[in-house]
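Residue numbers (numbering that gives the first Met the number 0), protein chains in the order written: chain H, 0 to 184; chain R, 0 to 295; chain W, 0 to 137.
Quick caveat, the hints were computed from the structure, so don't treat them as lab data.
Values in this document were obtained by computation on a predicted structure and should not be read as measured data.
A couple of the hints might just be wrong.
Claimed, not checked - Facing chain R, from chain H, some residues (calculated, C-beta under 10 Å): (1) Ala16; (2) Thr20; (3) Cys69; (4) Pro103; (5) Glu104; (6) Leu106; (7) Lys156.
Glycine is no exception: its CB is placed at the ideal position from the N, C-alpha and C atoms.
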Amino acid sequence: MATTVTFSQEIGNLLHAAGGTPVSACMQCGTCSGTCPVGDFMDVRPQRLIRMIDAGFKDKVMATRAFWYCASCYQCTVRCPRGIDIAELMYGLKRYTIWKNQYPEDLIGPAFSETFVKNIVRTGRSYEPVLATSYFFTLGLKEMLSEAQNATMLMLKGRLPVLPARIKRLENFKRMIKRIIPIGD
Amino acid sequence: MTKKTFAYFPGCSLEKMAESYHLSTVEIARVMGMELKELEDWNCCGATAYFHVDELLAHTLCARNLAMAEKEGLDLVAPCSGCYKNMHACNAHLKKDHDLADHINFALEEDNLRYDGKIKVHHLIEVFSEDLKEVKAKATNPLTGLKVAPYYGCQILRPRKFEHENVEEPRYFEDLMTAIGATPVDFLLRLRCCGAALIITNRQAALSMVRNLLQNALDSGADVIATACPLCQVNLECYQDQVNAEFGTKYSVPVFYFTQLMGLSMGIPAKRLGIGTEFLSPPAAMLAACRKAAAV
Amino acid sequence: MSEQKQLLIIDDDPDFAEGIKSILVKAKYKVDMAHNPKDGWAALEKNKYDLLLLDVMMGRGAEGIMIARKLGKDAKFRELPVLIITSIREQMAFLFPGGAVHPNFVDVDELIEKPVEPKLLLDKVSALIKSSEAKKKK
């Protein structure tokens, strides 16, 4: 039996708490694509992505990387004449692909997010040098050198932490997280 | 007039990478007669990464900070636009969604905390902009002749915090710069995102976004870009070499925190404002103000 | 023959929900589906169910757990047996490698991990309904 839930509804379910207008309200005016500062780098611009979701092109949507290029600047969200929270939709799509483990392998975004989250779960604070390990070796030689140069400069200027910071009540903090992501001991 | 007191949430970037933002904030708050009580044992706001993975977890992290501020009976102020946006949004969600608040309070119990939605979250620039008269009065070393590109960036303004918020034509950054004697230039891309969230994950896109902003700042005749976010500062300043290598350009545009500029205008010595840890030296008009501040 | 038992599935993955629904329908259960926590709660308020099959990761995160806690706090629903069906270990493996999923703090009756073996599912469903009826008779 074929499922009765459309892909557009599935995405709507994902965003059930966000309270924005569903993507079906889109009138294809293109304000989002025109206003997006990263639009030129997306394989599919937001306006088209929304249409693809609405049309139920699930596989095609899952194969795009457009939402991993979203900088979360909310320019589209505040300008959408239909009140669709497009930036939140992009977050939703990122979550959806991470949960399903379905994203193009060469993307740095998912791995970076994972490292970031892992790091905070362990210490309660972010620590830049650990984050670097998630992407450093994905860079080409030229980028790697310039990134290392930047790090050296930051170090010289006293702007890189030597030791990771951690919060004091870390044990409580970890138990708190376990109540939100339920795992056994 | 009673002294204004806030719970201060510096955020991870201000610990080291953007320490100058922290130092200058503390200095000008003192001059302005404002008390910033650093939140005891604050934790990371979750940045954008958490929302990619689990929004409930992201809200929980923010809620812990909100609960600690509420315990102190103080509104929260954050200097980083990313932290500000996350905690402001979390606060709004918790006030509206009782099931969510109940569930998150259940998690907070583990740290003997509870949040009842009693406080407000402000961005640092907001609390200074509200008192322009006082800023002007304290600016005894005005930054005359300094042309500043006031860079709002994205998350101070967006998403909208209330229904008719003016997110397209804000003026408070310009007004603040005028109050300290500087000249705000007409910076067309002042609201456009710098791409900081992408600098690692989608480098090409981010570098191109930085280039557009730098070019526009130069075109508008600015000597310096002023920011109100550590991510914008690092992205716009520290990646200029990489932008130049990528596009064959020769940008060298200094980028400072608005608090550093305010501090100079108040005659605070440059060193105490963290000036000297930047990659690109201050422009002439700022150096003149630095010398005057040192002489005071 | 006893009356037909009525079950509710709350799961955001429509294909998976359809799959377990067809297994349960074949075994003569009457099955409703909801695909987000909000609709799921509305269905619980509206109809009387003999058992709830509940997914964990939905919407913003582990919202299934939110529902399970809310049920436990509500006298009206406290008797309703809850079978949690989850693949959280797979989804969040990078965060918690190896740790088996168990929300110790909610009173969940049973928990099975995806993918679900049809026979195991049917066994657990019927056992849970039986024990809940036995409790009610007492």
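Going through the hints against the structure:
Nearest Cβ of chain R to the Cβ of Ala16/H: about 7 Å, under the 10 Å cut. The hint holds. Below 10 Å, beta-carbon pairs count as interface contacts, and Thr20/H has none with chain R, the closest being about 14 Å; its hint is therefore violated. Given the 10 Å rule on beta carbons, the hint for Cys69/H holds: about 8 Å separates it from the nearest Cβ of chain R. Interface hint at Pro103/H: violated, since its Cβ lies 12 Å from the closest Cβ of chain R, which is beyond the 10 Å cut-off.
Nearest Cβ of chain R to the Cβ of Glu104/H: about 14 Å, over the 10 Å cut. The hint is violated. A cut of 10 Å between beta carbons decides the hint on Leu106/H: the least distance to chain R is about 7 Å, and the hint holds. Because the closest C-beta pair between Lys156/H and chain R is about 5 Å apart, less than 10 Å, the hint holds.
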